[in-house]
Amino acid sequence: MKVWHLVIKEIKHKKLSFSLGVLSVLVAVGVLVAELTLLDAHDLQTQYILQQKEAEIQEKMRVMEDDYRVIMKEMGFNLLILPKDQTLGDYYAEGYVSKDMPEDYVIQLSNTRIMTIRHLLPSIEQKIQWPEKGNRTIILMGTRGEVPFTHFNPQVPILEAIPPGKIVIGYELWRNFNIKTGDTVMLLGKTFDVVTCQPERGTKDDITVWIDLGQAQQLLNKQGRINGILALKCLCEGNDISSIRNAVSEILPNTQVIEFESKSLARAKARDRAKAIADSTLAAERTYRSALRIEREKFASWVIPVVILGCTAWIGLLAFGNVRERKTEIGILRALGLRSSQILSIFLTKAFGIGIIGAFIGYSAGYAMGMFIGDIHMETQMATRLFNPKLLLLVIATAPLLTIGASWVPSLMAARQDPADILREE
Amino acid sequence: MLNLNMVSKIYSGRKGTIAALDSVSMHIESGEFIGVQGPSGSGKTTLLLAAGGLLIPDRGTVEISGNNLYSMPPEKRAIFRASEIGFVFQQFHLISYLTVLDNILVPSLAIPGSDASERARELLHRFNMTDRMHHTPSELSTGERQRTALARALLNKPKLILADEPTGNLDRENADIVLLAFDEFTKSGGAVLMVTHDETISHYAHRTCKLISGKIINNGE
Numbered sequence: 007m008k009v010w011h012l013v014i015k016e017i018k019h020k021k022l023s024f025s026l027g028v029l030s031v032l033v034a035v036g037v038l039v040a041e042l043t044l045l046d047a048h049d050l051q052t053q054y055i056l057q058q059k060e061a062e063i064q065e066k067m068r069v070m071e072d073d074y075r076v077i078m079k080e081m082g083f084n085l086l087i088l089p090k091d092q093t094l095g096d097y098y099a100e101g102y103v104s105k106d107m108p109e110d111y112v113i114q115l116s117n118t119r120i121m122t123i124r125h126l127l128p129s130i131e132q133k134i135q136w137p138e139k140g141n142r143t144i145i146l147m148g149t150r151g152e153v154p155f156t157h158f159n160p161q162v163p164i165l166e167a168i169p170p171g172k173i174v175i176g177y178e179l180w181r182n183f184n185i186k187t188g189d190t191v192m193l194l195g196k197t198f199d200v201v202t203c204q205p206e207r208g209t210k211d212d213i214t215v216w217i218d219l220g221q222a223q224q225l226l227n228k229q230g231r232i233n234g235i236l237a238l239k240c241l242c243e244g245n246d247i248s249s250i251r252n253a254v255s256e257i258l259p260n261t262q263v264i265e266f267e268s269k270s271l272a273r274a275k276a277r278d279r280a281k282a283i284a285d286s287t288l289a290a291e292r293t294y295r296s297a298l299r300i301e302r303e304k305f306a307s308w309v310i311p312v313v314i315l316g317c318t319a320w321i322g323l324l325a326f327g328n329v330r331e332r333k334t335e336i337g338i339l340r341a342l343g344l345r346s347s348q349i350l351s352i353f354l355t356k357a358f359g360i361g362i363i364g365a366f367i368g369y370s371a372g373y374a375m376g377m378f379i380g381d382i383h384m385e386t387q388m389a390t391r392l393f394n395p396k397l398l399l400l401v402i403a404t405a406p407l408l409t410i411g412a413s414w415v416p417s418l419m420a421a422r423q424d425p426a427d428i429l430r431e432e
Numbered sequence: 041m042l043n044l045n046m047v048s049k050i051y052s053g054r055k056g057t058i059a060a061l062d063s064v065s066m067h068i069e070s071g072e073f074i075g076v077q078g079p080s081g082s083g084k085t086t087l088l089l090a091a092g093g094l095l096i097p098d099r100g101t102v103e104i105s106g107n108n109l110y111s112m113p114p115e116k117r118a119i120f121r122a123s124e125i126g127f128v129f130q131q132f133h134l135i136s137y138l139t140v141l142d143n144i145l146v147p148s149l150a151i152p153g154s155d156a157s158e159r160a161r162e163l164l165h166r167f168n169m170t171d172r173m174h175h176t177p178s179e180l181s182t183g184e185r186q187r188t189a190l191a192r193a194l195l196n197k198p199k200l201i202l203a204d205e206p207t208g209n210l211d212r213e214n215a216d217i218v219l220l221a222f223d224e225f226t227k228s229g230g231a232v233l234m235v236t237h238d239e240t241i242s243h244y245a246h247r248t249c250k251l252i253s254g255k256i257i258n259n260g261e
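If you're matching them up, the sequences are chains A and B in order. Using my numbering, the first residue of the first sequence is number 7, and each one after it goes up by one. Using my numbering, the first residue of the second sequence is number 41, and each one after it goes up by one.
This is chain A alone, in the form it adopts within the complex (with noise of 0.2 angstroms):
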């Protein structure tokens, strides 16, 4: 006969005292490892679902891609009539025209039948010193909105003109002099109401002022005169643009056209925006999910130990009670010759039992509750990539060290037990 014959032997005989134990073990083994699990399938969810949108945003993009340039065929090019005199270097390194050419240029344009050419708006623009603002670098915008043509039915204008005794000011001069719409600014002498405060673009125009042509002309003392006629949504066969650039030169021939901001750019424009929106519904997805896990990781952070520690009494309370329901047979046992060391083993064997069992049905039971709870299906290759040998291994290791501990004081008093005191009571 061994040790371990006596205590399989008990355990038969206290099935229930033995199942208590277990499902101690099983709960404590159950909730670590569905808590763990259910973080690893959250990580997996995590993973999945941002590549999933990842793929679907690329998608998109590629299909909005096709739009864009369809959209734009339609919508033609955007060109800008300068003075012929004016040096593009300087223009392009300096950002705005410093050459003027005479107002009625877009009168003679208007009065064609060119056919290519549509939406035009002629203005003016200076970089000057704002003297009322601490001699502020700005750029002084004149604008007139759009000139009609004569021979065709007018089209619905793309941009109103600003009226006389209004401006419109940039992000950074607003931002900078807490100018606000509705109030009343001087500049270069003359009084103005504000009525718009232009968002951010990050260009020239966040240091701009925009007000009437003829206004801006008197300040500068430029009257009858405009820096360039931008003409928007103009067409042309087959994207070529030297034909209205020829078109152009014979009614206007002290000019020059250039592409006003490219089709190119203006749909790099738009897929960087998109793109942008893109990255940040990406970003709030992830931040979600990570807040998520943290509210995971923090609820697992107490209830983990709270569930060990309250198993660990339960079993230490399991224990001392069947070592105080033994105590006639540890008596017996001490008298028919067995060492307090067998007796510490018989206590302890038990506890190991109790342990390695719990730890096997525990982690089935946390594996397959994380599951459920992560909503990860078992024939999903999720769920295969869930098991963890590892976490296995380690409850397998450390749940019969916990049922040993728990189990270890009311152990040592059945060894330590005097067997007189309790056969002479008997």
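Source of the hints: derived by calculation from the structure; they are not laboratory data. Backbone N, C-alpha and C define an ideal beta-carbon position, used for all residues, glycine too. A couple of the hints might just be wrong.
Stated by the list, open to error - Pairs of lysine-lysine, DSSO-like flavour, derived with a Cα cap of 27 angstroms: (1) 8(A) x 250(B); (2) 396(A) x 304(A); (3) 333(A) x 116(B); (4) 199(B) x 15(A); (5) 8(A) x 199(B); (6) 172(A) x 139(A).
Unchecked claim - Which residues of chain A face chain B? A partial, calculated answer using Cβ under 8 angstroms: (7) 7; (8) 16; (9) 223; (10) 334; (11) 341; (12) 350; (13) 426.
Dock chain B against the given chain A, drawing on the hints supplied.
Just chain B now, with coordinates in the frame of chain A:
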């Protein structure tokens, strides 16, 4: 075989001290069956526990086969007890969840031996318990329980049996079986120290001592 030399044991309690054993000396040879009689509280069980190496006396020595029991370390004493002494109790003290066979085999936990199972079956046969070997104690009669306890005490072939009122709960027929077994044990060279109220012990015991208030009044010689 068993030699108790001026053994004293005093229990201290809230109500004062009680001398359970007061300078008790006793010698039992191999092949001797000694009965100890005395009223309740006279120290009979204390004498048995002290003789069995389970209760360290305050004074005196206990020797079995020339070995001073209480000069041994506890673990060694336990092994010595398992190999040299067999215990039989009035309450049988069988382990409830073990079968008759397993109960008899319990002492083999202390001294593992390959022939323990065979020996247990021999004892079952000897005490006419073979057909009961897979029964649990709750399924046995009192006589069968005591025969099981007796078989258990004999498993490791001890040289000394210490019996505490072994016939106290038995009818005459079963009591005789137990006493006859002790008689056979002494005939085979063993020694028996039995404390009892049973007056018929004088028919089997070679000597009967009287123990009163922890003192041997009559050593039966």
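Hint by hint, here is what the structure shows:
| no. | hint | result |
| --- | --- | --- |
| 1 | 8(A) x 250(B) | violated, 41 angstroms |
| 2 | 396(A) x 304(A) | holds, 23 angstroms |
| 3 | 333(A) x 116(B) | holds, 22 angstroms |
| 4 | 199(B) x 15(A) | violated, 30 angstroms |
| 5 | 8(A) x 199(B) | holds, 24 angstroms |
| 6 | 172(A) x 139(A) | holds, 18 angstroms |
| 7 | 7 | holds, 4 angstroms |
| 8 | 16 | holds, 6 angstroms |
| 9 | 223 | violated, 113 angstroms |
| 10 | 334 | holds, 7 angstroms |
| 11 | 341 | holds, 5 angstroms |
| 12 | 350 | violated, 12 angstroms |
| 13 | 426 | holds, 4 angstroms |
The structure fails to meet hints 1, 4, 9, 12 from the earlier list, while all remaining hints are met.
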